[in-house]
Amino acid sequence: MLSRAAERVYWAGRYLERAENTARIVQQHSQLLLDLPEEAGVGWYELIRIFGAEDAFDDDHNEQATHDFLLADTNNGTSLNFCIKMARDNIRNSRDLLPQESWENANELYQTVRKRLAQPMPGESRFEFLSDCIGRCQQINGILIGTMSHHNAYHFLTLGQRLERADMTSRIIDVAATYLQQNERLVLRYGSTLWTNVLKSVSGFQMYRQFCQPEVEGLMAIDFLLNDEAFPRAVRACMEEAKHTVAALPRNANLVRELDRVENSLPSPLPDELDGARVSKLMDSLQQQLANVHTAVVKTWFLPANTA
Amino acid sequence: MQFGSKTYRADGFYDELIKADGTARPHAEKLVDYFSAMRPEQLLERQDAVDSTIVDMGISFTIYSQGDNIDRAWPLDIIPRAMPGSEWDRVESGLKQRLAALNLFIDDLYNDRRILKDKIVPAELIDSSRNYLAPCRGAKPRHGVWAHICGSDLVRDGDGTIYVLEDNLRVPSGVSYMLENRNVIKRVFPSIFRNHRVRPVSEYPSALSRMLQSIAPAEVRGKPEIVVLTPGVFNSAYFEHSYLARTMGVELVEGSDLMVDSDDCVYMRTIDGLKRVDTVYRRIDDTFIDPEAFRPDSMLGVPGMMRAWRAGNVALANAPGSGVADDKVIYSYVPEIIKYYMDEDAIIPNVPTWRCSDPKQLDHVLKNIADLVVKPANESGGYGMLVGPHATRAEHDKFRELLKADPRNYIAQPTLSLSTAPTLCDDTLEPRHLDLRPFILQGDTISVTAGGLTRVAMVKGSLVVNSSQGGGSKDTWIVEDAD
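For the protein sequence lines, the chains are S and Y, in the order given. All residue numbers for the first sequence refer to our numbering, where the first residue is 1096 and numbers rise by one. All residue numbers for the second sequence refer to our numbering, where the first residue is 176 and numbers rise by one.
Hints are computed from structural coordinates only; laboratory data are not their basis. Please note that the accuracy of each hint is not assured.
Partial list, derived from the structure: chain S residues whose beta carbon lies under 7 Å from chain Y [what the hints assert, rightly or not]:
hint	residue
1	1096
2	1097
3	1098
4	1101
5	1345
6	1394
7	1396
Built from N, CA and C at the ideal position, the CB exists for glycine as well.
Take these sequences, add in the hints, and give me the full structure.
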């Protein structure tokens, strides 16, 4: 398989995942703000922080500007619009490798989103719009899972998705950690609402309740999102799946090592006295390690420099 | 000849299927019978079937329009264009003769330059040609062959004579449409093939693959690694690049997929690591092949590719520099070139051509410009040319100035009355002008497609057949003669 072809499906996987997660996070955040009083100090700007876009976003921190930036702005490399365009372009250029229906659906998603975001979207329509995006992303995923042979192209697609997914989960935990740091009174009073929102951002609320405990509590939620081996959006589960995928690819020793390193760095069990600042630091280093995994993917398969 | 309720008339041109007296030519009798038995609504219904088959099969071409790339469904007329096998046999030997001579010529130009020393072709013509590439001097591609894939455009004049209009030796395109046209017509009209013995065209991808293997560096053990090099998805012929790679079962690569290592060998980047490449069927222009040797701004090519080629570590098809022989001024010397190297007369004649570089001939062209077709030496796709009889006085004057300013760069030819064939226009069959592009392959042997790509000018009276300018196409049949 050509390196460039592998790279394209890898990015198709990453952007498809990023688009779905972006839609999910923005949607959940809107819901959260409805539950919190203004003095809680959680606003739209937290969204910008989740995406690490503080430097790129210098606009007013109001609702409209934030949404324009995160959903519509084609210059913003993390906006929904941009992710969907990149997912669609990479799928388009991989048409020889991917099921025809995945291309048709990705193209339809792209056309729909482009049209909807070309005009201002009233807050009332946003929930329905984002639900539609999430649904269509899941549909494309369903086509890929349901109709694609498990050969190299599928492996690279899956690998991209798992790495992106782990990265997104770590970002969401990071923001929750800043809530923890901010205001002790807030945590006591609205803690459960906050953590419910965090879990819902990764569609993890239901699974958490079923398999951890009925009441939502900060450390347990973090532990679930980091260490659970059965919940597909938990970081550890993503790493396990990534390792499984990598095992099917050639020249994978370096990658197995990098993925193991990520897994071993996940603190398990979590220390009792974990505070916001420490969680935040932990997530920074987790994101750095995930970036190292990506670099190893690029070096091993996309830019091979010497003869095999 | 009746088609439905209407009588088909060839309007004084040579028609490929119908004689002047209105009856079918012998090789086309059954074909004409078949279509003349159809009612207009049946013809339209079949054309719809052809169109939707083309959409379903994803046969498209790309045109550039105001910065946008638009994928258009490939236009194919339902009525095949047929030629008798015996006539084709002669054309085929003519095409082989021509390409063999052109390759001897190119090899000579970059090595001994005998033909220039013997003053058959003026040396200044070669040295002033922008397609004569200095970095190719002294190169020795295998079998002495430079132009491995040639698409020569053939036209038939009013008296039935077939001429070579031009040779495309750089990156000729269209062969995938020849193959797909046949596939579509076989799907939509399975029954007509039962009454005819039509020579198959489907072996082209295997012939191409065999040829590309035969030119791989001699020391390669086992099956050579072949790739098709494309400028990318935005190129107008990308459909064909991807089609040929797929049908040959080889990788379709872009410049960034390849690299030349310090051993002067070409490698492609794969997930298994670097993999040695032996033959590159490149579909990018000469000067984009290698930014080190030609255009430093080329993003399409591979730095070091020319080094690897000169060292004999990789074969390039066509070899860089081959374009020197498809200059339209050089074209006018091809009969002499055939005589010089092969000691034979050209089997297929050239269209008579005036060279504007010769003052006497230029004078003739300036005086008679209204009756002539004027072409720039180096353009393709029908761009930058003047069709005298169809142009305005102002355009004649404009071209007179262009010719005087740069005579070396122009030739002129008489306006041919191109042959026609019945073509479905609205709901009736009308004569439309056409040409034919066969594809000739040369490696260790020479082969020619049975027929080629027939292109049709869909506008009444028009001679412009290029698909980028509204042309259509036909399936081309070489029909075995009756025993």
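We went through each hint and held it up to the structure:
For residue 1096 (chain S), the shortest C-beta to C-beta distance to chain Y is roughly 5 Å, which falls under 7 Å, so the interface hint holds. The criterion of a C-beta within 7 Å of any C-beta in chain Y is met by residue 1097 (chain S), whose closest approach is roughly 6 Å, and the hint holds. A least Cβ separation of about 4 Å between residue 1098 (chain S) and chain Y falls short of the 7 Å threshold, and the interface hint therefore holds. Restraint check, residue 1101 (chain S) versus chain Y: the minimum CB separation of about 5 Å is within 7 Å; hint holds.
The beta carbon of residue 1345 (chain S) is positioned within 7 Å of a beta carbon in chain Y (closest approach about 5 Å), and the interface hint is therefore held. For residue 1394 (chain S), the interface hint is violated, since its Cβ never comes within 7 Å of a Cβ in chain Y; the closest pair sits about 12 Å apart. Hint status for residue 1396 (chain S): holds, given a least beta-carbon distance of 4 Å to chain Y, under 7 Å.
Consistency note: the structure conflicts with earlier hint 6 alone.
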